[in-house]
Amino acid sequence: MKDDYLWDRSGQPDPEIQQLEEILGELRYLPRPLEIPADLKTGSNRSNFYAIAAAVAMIALGLGAWLAVQRQESPVATGPQSPPAEVKTVTPEVSKPTPVIAAADDTTATVGEINRRPARKPQRSRTARTPQLSSEEIAEAVAAKERLMMAMRLASSKLNYAQKKAQGSNPAQPVYHQHKIG
Amino acid sequence: MKSIHIGLIRVLALGLFLAVAGGTTAMAQDARIQTSSLDALAVKASQVVDVNLDERLMQFAAKFLDSKDVDEAAVKKMVNGLKGIHVKVLEFDAEGQYSTADVEALRSQVRNPSWSRIVGVSSKRETNVEVYLLMKGPEVGGLAVIAFGPKELMVVNIVGPVDLDKLSKLEGSFGIPELEIESKSKPKNN
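So the protein lines, in turn, are chains A and B. Going by the working numbering, the first residue of the first sequence is number 1, and it counts up by one from there. Going by the working numbering, the first residue of the second sequence is number 183, and it counts up by one from there.
No wet-lab data here; the hints were simulated from the structure.
Mimicking DSSO-like on lysine-lysine, the simulated pairs with C-alpha atoms at most 30 Å apart in a straight line are:
#1 K265(B) x K164(A)
#2 K258(B) x K164(A)
#3 K259(B) x K164(A)
#4 K318(B) x K265(B)
Quick list of simulated restraints, FRET-style, between CB atoms:
#5 E137(A) x G189(B): 49 to 59 Å
#6 D221(B) x V56(A): 28 to 38 Å
#7 L63(A) x E286(B): 24 to 34 Å
All C-beta atoms, glycine included, are put in the ideal place defined by N, C-alpha and C.
So here's chain A without its partners, still in its complex pose (with noise of 0.2 Å):
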């Protein structure tokens, strides 16, 4: 079969497909290894550069905006730098000391707790739930509930001043009812 050239090189060979051979010849494989020009810049460094930067870029910004959240979050010192004439800082009822918050066994209890019922023999803990706070804790709570209770107060004070100046025009709408106006 004269085909038979075309697929194993058995038999005749057809001159056409030869030339074929001859002129594709060049093209096949080699089983020699790759030979990378020295010469040849890839770009590759260049890339990594942009993209290295991008990263750090975004980890940088990450790292930012945490630090920025966090900074807003956390409790700010009270007052200015330099003193004014009169800061009125609210007071804890902490002049008593609280020298056993938790009882002798594992009870915990709450400052309000401890004022109501200070001759009440401690129950029995159900309360590992709450951990144990030291003194300074409890003080720092009390601190923050008395800032809490005036700040509510104060919000709520000058909210009641809008709400009844608001009324005063127009009785029928409360405060909070009232539409957008800028």
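Put chain B on the given structure of chain A with help from the hints.
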């Protein structure tokens, strides 16, 4: 081909930067009102009240609120879910200690579509009060009250879902009985 590749990386890097910067801006645009611009006025003030409670401290303090006490129970309910409460009050002995620019610095922070001014009380002699709400969809995301009078400048900023109805009712329960003078003073027509 190489220049296209580099160009693509540049565009991606720029896009990434803008995305991160945009995210940062969105995070910063929360209900928190910055009052640091008022710090300089504290020197002139006769009284300064500065309260800053973040979520952690507030929730910690809330544990110490007595549920059996009417006032504290009301606050305890209010505090649940709040992210922070920030109050700054400056009281002056004389008038004209602060400028409109100081007030404007506060107003500028609530002058965006997220905030809505729900009420404004203007008075030359008395205290001016402006109440702003930050709306996050259908819910309230924060409250800002800017109050300023001839001798007073005050900012109250509550971050989080605040219930105005409950908040306005608090004042009456803070040891100050609600005086229903009008209803009691109505003449009885016997």
